[in-house]
Each structure stands twice: as structure tokens, then as C-alpha cells.
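Enquirer: One-letter residues, chain by chain:
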Amino acid sequence: MKTETLRLWLDERLGIGALGGLARKKTVPLHRHTIWYYFGGMTLFLFTIQVGTGILLLLYYRPSAENAFESVQFIMTDVQFGWLIRSIHSWSANLMIAVLLIHMFSVFFMKAYRSPREITWLTGGLLLFIVLGFGFSGYLLPWNKLAFFATKVGTDIAGVVPGAGKFLLRFLRGGDEVTGATLTRFFGFHVAVLPAITTMLVAVHVILVQKHGMSTPSSLKDPALKTMKFVPNFLLRDLIGWVLAVGVLAALAAIFPWELGEKADAFASAPAGIRPEWYFLFMFETLKRIPAKVFVFDGEVVGIMTFGIGGLFWLIAPFLDTSQSKKRMSRFFTIFGVLVVLYIAAMTLVGFLA
Amino acid sequence: MSLANDTRPGQSAPESRSRRKFLDYLLGTSAGMTLVAVFYPVIRFMIPPEIIESAQTSVVAGKVKELAQNSGLIFKFGNKPGILIRSASGELKAFSATCTHLDCIVQYRSDQKLIWCACHNGQYNLSGHNIGGPPPRPLEEYAVNVRGDDIVVSKA
Numbered sequence: 001m002k003t004e005t006l007r008l009w010l011d012e013r014l015g016i017g018a019l020g021g022l023a024r025k026k027t028v029p030l031h032r033h034t035i036w037y038y039f040g041g042m043t044l045f046l047f048t049i050q051v052g053t054g055i056l057l058l059l060y061y062r063p064s065a066e067n068a069f070e071s072v073q074f075i076m077t078d079v080q081f082g083w084l085i086r087s088i089h090s091w092s093a094n095l096m097i098a099v100l101l102i103h104m105f106s107v108f109f110m111k112a113y114r115s116p117r118e119i120t121w122l123t124g125g126l127l128l129f130i131v132l133g134f135g136f137s138g139y140l141l142p143w144n145k146l147a148f149f150a151t152k153v154g155t156d157i158a159g160v161v162p163g164a165g166k167f168l169l170r171f172l173r174g175g176d177e178v179t180g181a182t183l184t185r186f187f188g189f190h191v192a193v194l195p196a197i198t199t200m201l202v203a204v205h206v207i208l209v210q211k212h213g214m215s216t217p218s219s220l221k222d223p224a225l226k227t228m229k230f231v232p233n234f235l236l237r238d239l240i241g242w243v244l245a246v247g248v249l250a251a252l253a254a255i256f257p258w259e260l261g262e263k264a265d266a267f268a269s270a271p272a273g274i275r276p277e278w279y280f281l282f283m284f285e286t287l288k289r290i291p292a293k294v295f296v297f298d299g300e301v302v303g304i305m306t307f308g309i310g311g312l313f314w315l316i317a318p319f320l321d322t323s324q325s326k327k328r329m330s331r332f333f334t335i336f337g338v339l340v341v342l343y344i345a346a347m348t349l350v351g352f353l354a
Numbered sequence: 001m002s003l004a005n006d007t008r009p010g011q012s013a014p015e016s017r018s019r020r021k022f023l024d025y026l027l028g029t030s031a032g033m034t035l036v037a038v039f040y041p042v043i044r045f046m047i048p049p050e051i052i053e054s055a056q057t058s059v060v061a062g063k064v065k066e067l068a069q070n071s072g073l074i075f076k077f078g079n080k081p082g083i084l085i086r087s088a089s090g091e092l093k094a095f096s097a098t099c100t101h102l103d104c105i106v107q108y109r110s111d112q113k114l115i116w117c118a119c120h121n122g123q124y125n126l127s128g129h130n131i132g133g134p135p136p137r138p139l140e141e142y143a144v145n146v147r148g149d150d151i152v153v154s155k156a
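Quick mapping for you: the protein sequence lines, in order, are chains X and U.
So in the working numbering the end of the first sequence lands on 354, straight run, no missing numbers.
So in the working numbering the end of the second sequence lands on 156, straight run, no missing numbers.
Looking at chain U on its own, in the form it has when it is part of the complex (with noise of 0.2 Å):
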């Protein structure tokens, strides 16, 4: 690697030196950008995109009849899920279904009158206030108005 070894008959080590870096360095940013080119299309192919939603602010969440007192049900709302819960005293409640601890489905609890996450053991009361376990925030609460026997729920 002596730099003698490098220079060629007639030439001068220090110009010599010189124009090895310049090449060097043309050599390697085109290698460099050439990676670039080639790893930069291949990152951006494994972000997925980003789906716009469909801006949907209410849902027919069930119909009254079908919905006994004291029970809960899973509705689509958009492409999450809601829960729409019929209390005891028959007022009705509806929340994103969404546990806000690491993103379970939750469900209507009729022997404890309370909103539960299985997955571990999180509680949230009828107001859906995180009351036990470790979600770290209430669940969003949705308005619930009856029309005729649908029950529609809307962001509000």
C-alpha cells in the first residue's frame, strides 16, 4: 500500500496522490448514490400507504328490540369497532370498542355491570372511565340517539 508503488514512471507523487482521491471520491459517491437509488424505492415499497377512511360520522349500531337490557354489542363503525351497551336501567351507551391499553376488543360484562378487556384485565365503567387494571385512559364515547327502532350512533 506504499505510495511508490502507486506512482507511475513520470508522473509526481504529490499530483499522482491527488487525482487517486479525486477518483476515489467519484468512485465512491457513485457507489454511494448508486445504493441510494437502489435502497430507497425498496424502503419506501415496504411502508404501507396510507388509506384514506372514509369520513363516516354515523351508524345504524342495532335495533332496540334486538338489544336486551343489560347486555353490549360489537358494531362496525367505519372499519373500527364500537361497543353498544344497553344498561341495566335500559339507557343506552355507546364507546370506540378499542382498549386504550394495547388495542383489544373489549366487551359488556353483565355480571359485573362494567365494560372489560380480556386480554388483561382492564375495566372501565358505564361513562367508560378506565376504573381498573392498566389502560391508562377512558374509552371515546359516541352519542347514541333512537330512530324509530334503529339505534344510530354518531361521532360527536
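Only chain X is shown next, with the shape it has when bound in the complex (with noise of 0.2 Å):
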């Protein structure tokens, strides 16, 4: 009764009701492509895991070129758990990337942006933007040498927009060069700034599927097809992957910690084998591949403004393959899809064989 009471008494102040019937009503479609959608739910749950164990770091981690190398050292060394929590922020960071690019490519196959799907389909991509920025800022934190020189050649990719260029590269490091001015910015970036944008793109997309429901591929529309119900049927389905999820990453971090490196050194070469993340790496092995003229423009420009506009093009795909009626223009994206999957996919390997 007393519950009842106080269930009542909050109803009438929150309208939590309205929500409860929400989840009710909320049903997934069930066919041969229902895994898909599970991918979206697992990127949530590991940007979780990567907000708490990224507060905790924050008890130790100094931002500044003389103290951060040794406060993660320390965190790696000293403090109880302290390499299971750092291990688990960079295994769960990497995990998450990876969960989210096959959240995207399925949607993208699945052709699930057409209307009246595109802004969540562009607040997805733009969420990518920032979680391939959280990856390139929190890589520069433990302020060792190949996270300075990533920074270095990140930043300077960055300087060759054209005409913004000059200002970005400046923006990024807070100077001219890679210093401390730049740690203590990429820092500021990672826990404060691109927390709070990915905060509100979320909540946007997350009501945007609540608001549209699961689409279901056309091939598939189907009257008679079956549903589960969201609450409890599929969540607890999710939770069931979120539980796998946890397990990963402790056994990650336990057989394979984080390694820290050497520290950073403005004036030593760049170690010989130095690459990238392994989500950059099809960026940079094109980069290294590309001759320094292409006509008469540098070639770093070309190999970069062609990334820039082929990423443009894919966030804009919504607004070019727009019926479902025209099969053709439908399958020129699923072609162009394939291809890029497989450009990225063949990149990747050799980068990591290289």
C-alpha cells in the first residue's frame, strides 16, 4: 500500500506512467536480420562502461607533459585495480568503435536511414565523428611517443583543410606545435567537451528510435511479420550480450593490459614500425601509399580531401537514395557499400602485415 502511495505520488509529479506505457507498447520485428539490432544497444552500453571507468581515472590522472606519463604509470603500477581500469577504458574504447561500425554498416546495408530516418542516420554519423574523436584525443593522454607523433600527424592532416587549416591545426594544438598546451586541450576535449555533445546526439538519436521504431528492411515488409516485445523479451536479450560484453573485457584486460610505451620526446625521431589505432589504419596506409605529386597537387591534399568528401558523401547517403521505388539508385549505394568495406577491410590487413 505504502508503495503504492508513493508510486502514485511521483506519477502525479514526473508522469513516469507515460513512459512505463511507452516500453509496453515498444516491439521489435523479428526475421533473419533481427541480430542487427543489437548493435546499437552494445555501443550504448560500452560508451557506458567507458564514462565510469573514465570518472575513475580521473582520481589520478594529472594532465600536464611533466606529470601525465607518470601519473598513468602510476595508475598502471600503484593503484589497486589500477590496471584492470585503464585496461578496460582502452579494451572497452576499442571494443566500442568496433560494435559501432557494424551498427553502422548494417544500417547502411540494411538501407534503414531512408525517410523518415535520416537524422538519426546523421546523428549517428556524427556521433562516429566524435567517438573517432574521443579515440584520437584520449590516445595523446598518457603522453607517450606514439601517441605524440599520432598527434603530430593527426593534427597536421588536420592543417591541410583548405583555407580553415591554419586556424584547425592552431585550435588543436593550442600553438604551433605538439606540447603541453596540446595535452592539456586534448584533455579538456576528452572529458569535458565531446562528453557533453555526445550527451545530447544520443539523447537525440535514442528518441528518434523511439520515435520511428525498428525499420524493417523492404525486402522484408511483411503484414504477418512477428514482433518481441522490447520490455523485458528483447532487453533482457541485450542484457544477456551486455553480461558477454563485461566478461570480454575483464578477460581482455587481464591477459592483455594496456602497454604505456616510452614517454614522449619532442626532440627523438619517430621509432621505426610506428602506426596508428587499428581504425586508422586504413587512412594511413593510403596516406603512405600515395606519391607526393598527384598533377600538380601535393598528394597528403588529395589522399585527405578524398576522405573528406567520400565521408561527406556517406553521411549525405539519406538524401541521395531516397525511394525505395528506384531499385537502381538502391543498388549503386549497396555496390558503393561493398566497396568501401572492402577498400577499408583490405587497407586494414595490410596495414597490420606491414
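No wet-lab data here; the hints were simulated from the structure.
Certain hints may be false.
[As the list claims (entries may be wrong)] In silico lysine-lysine, PhoX-like type, Cα no more than 25 Å apart, as pairs: (1) 26(X) with 111(X); (2) 111(X) with 221(X); (3) 111(X) with 229(X); (4) 80(U) with 263(X); (5) 63(U) with 93(U); (6) 93(U) with 113(U); (7) 93(U) with 80(U); (8) 80(U) with 166(X); (9) 226(X) with 25(X); (10) 166(X) with 76(U); (11) 113(U) with 288(X); (12) 145(X) with 76(U); (13) 76(U) with 263(X); (14) 76(U) with 65(U); (15) 113(U) with 155(U); (16) 65(U) with 155(U); (17) 25(X) with 166(X); (18) 80(U) with 145(X); (19) 63(U) with 155(U); (20) 288(X) with 166(X); (21) 25(X) with 221(X).
[Unchecked claim] Output of the computed footprint for chain X on chain U, the stretches with three or more beta carbons under 8 Å from beta carbons of chain X: (22) 61–69; (23) 129–137.
None of these values were measured; they are calculated from a predicted model.
Each residue gets a CB set at the ideal place from its N, CA and C atoms; glycine is no exception.
Hey, can you piece these two chains together into the complex? The hints should help.
Expert: Shown next as C-alpha cells:
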């Protein structure tokens, strides 16, 4: 009786009952591609792991060129379970990007970005960009040699953008060179600016998914299509995946604790065998292979502009692939997507084998 | 939103409309300028100030005795790295160590007798010319003089 009174009191003030109704009504279509619906929720779950472990790391991390490396060393060697928290943070980051990419490509190939879900796709695309920003800014924070050169190269790439390049480079580096000023700035991006933007984008993204419901591929549209209740049936299946993910993360962290490397030195040559994280590898390999000059342009400019235009094309796909009736257009996008996947996979593989 | 609803008794519609428009204009511009006044300093704050480089034109990069033939070392030239090389024949050369491709720091490869960038496999010969890989331009060359045991590197 008491709890019922409390529930009514709260509902009168917060209107939680409406949310419950929404949850009860939500269903998930059942068909042979239902498995792909789990990857969005998995990405969100791994993001919450990032927030949790990130807050814990903040208790010991010191964001300055003099202290950063030593503070991470301290976390790895002296703080109880420090190695575990940091390793989970790093592994979960990589896993999150992998799962996010699977989520994105599955949405692309199922053409789930089509009307009326264009804005859901756009917010998702921006979230990918933000997540790569998280990866790039977080990579520098231990202030080791690999991170130092990765940041030099990455920010120099931003400097190639026509017109805004010089501004972007100085904005990102906090000056003309990669220094302690860059580290402070990246720290601010990583723990404040990007989380704030992510929170807003995720909110819009998830609300839109609720509004439009799950998209069913047009080839499977059938009035007799079975559905599953989101609460509790789908959510419980989600939960199994999340528990498995925690197990995988703990195992990875215990078996392969994340390395720290050597402290950054602004007056040392780039170490041999240097390469970026796997999700930047395909771009890295491409930049390595483009000759110094393509016609009259610098090779690096051509490469970077091509990636920029390609990414933009990918982002605006829903506005170009509009109609389900235009079969030819649709096939073009499928082939385009396959080529993109093949190119990324091939270049990544080459990068690993090199 | 109909105009009739906005009209107060005793006022004619056109007069009210122009007054409303004028007030909207004032409100709009005030709000706009307030936003500008808030965000202009914020944006300027985010752009890092220019730091004037000390106009250093020469530096002692190393000692002749400490630099073996067919080897190289990285030295500080102001706040930028330089590379000093003693070739197999004993000749001293100095360049900017910043790769012209994407800003990495190059190194001397004694096995290939050339300057190499580990980041994207860029190669330069001992005159600083880009001879392989993605670098688009040669490395900037510095003048080298020996004073006693000191190797002095200076900008031309």
C-alpha cells in the first residue's frame, strides 16, 4: 500500500506512468536480420563503461606534459586495480568503435537510413565522428612516444584542409607545435567537450529510434511479420550481450593489459614501426602509398580531401538514396557500401601485415 | 497568430503592426548582439595566442668527437628539432628534422645512408632532397661550421 501511494505521488509529479506505457508498447520486428538490432544498444552499453572507467581514471590522472606519463604509470603499477580500470577503458574504447562500425554498416546495408530516419542517420554519423575524436584525443593522454607522433600527424592532417587548415591546426594544438598545451587541450576535449556533445547527440538519436521504431528492410516487409516485446523480451537479450561484453573486457584486460610505452620526447626521431590505432590504419596506409605529387597537387592533400569528400557522401546518403522504388539508385548504394567495406578491410589488413 | 488578436482597442491595425515590427527588431538585434558579446570572447579565448619565437639563428648542435662517421643525431634548434649527420665520408650536414609530409621527426639510416621518416616511410638523400615515399618537398638545409670541437649549425 505504502509503495503504491509513493508510486502515485511520484507519477503525479514526474509522469513516469507515460514512460511505462511507451515501454510496454515498444516492439522489435522478428526476421532473419534481427540480430543487427543489438549492436546499437551494445555501443551505448560500452559507452557507459567508458564513462564509468573514465571517471575513475580522473581520480589519479594529471593532465600536463610533466606529470601525465608518470601519473598513468602510477595508475598501472601502484593504484589497486589501476591496471584493470585503465585496460578496460582502452579495450572498451576499441570494442565500442568496432561495434559502432558494425552497427553503422548494418544500418547502411539494410537501408534503414531512408525516410523518415535521415536525421537518426545524421546524428549517428556525427556520433561516429565524435567517437573517433574521443579515440584520437584519449590516445594522447598517456603522453608516450607513439601518441606524440600520432598527434603530430593527425593534427597536421587537419592543417591540410583548404582555407581553415592553419586555424584548425593551431586550435587543435593550442599553438604551432604539439606541446603540453596540446595535452591540456585534448584532455579538456576528451573529458568535457566531447562527452557534452555526445550526451546531446545520443539523446536525440535514441529518442528518434523510439519515435520511428525499428526499421524493417523493405524486402522483408510483410504484415504478418512477427514482433517481440522490447520490455522485457528484447531488453533481457540485450542484457545477456552486455554481461558477455563485461566478461570479454575483463578477460582482455587481464590477459592483455594495455601498454604504456616510452615517455614522449619532442626531440627524438619517430620510432620505427610506428602506426596508428587499427581504426585509423586504412587512412594511414593510403597516405603512405600516395606519391608526393598527384598532377600538380601534393599527394597528402589529395588523399585527405578524398577521405573528407567520401565521408561527407556517406553522411548524406539518405538524401541521395531517397526512394525505395528507385531500384537502380539503391543498388548503386549497396555496391558503393560493399566497395567501402572491402577497401577499408583490405587496407587495414595490409597495415597489420606491413 | 492572426493580426486581429494583436490589435488593442483604440489602435489601428497598421500602426500596431509597424510598432510590433519595430519592437521585434529591437528585441532581435539586442538578443543577437548579446549573443555576439558572449561568444566573441569565448571564441577568441579558444584560439591560442601567437608565441614569438626567439630569433635564434645558430646553435651548437654537437661535438665532432661524439659524432661517429655514418651517424646522425637530433638537436634542438630553438623550439624545433634539427638533424645533424656525419656521412660515411666524414662530411657534416644539417637539416630541419621535421618531415615535410606530415610533421614527424626524421632519422638517419646508417644502413641505407639516407634520411628516413618512420611514420610514412619517407626518404631523403644527404642533400635533403625527397627521393622516395610521400614527402612533397626537400628538408630545409642549414649551414654547418666547426669551431674547435663544437659543431655550429646556422640558418642561411
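Enquirer: When the hints from earlier in the document are held up against this structure, which numbers fail?
Expert: Numbers 17 and 22 - these are the hints that the structure violates, sorted from lowest upward.
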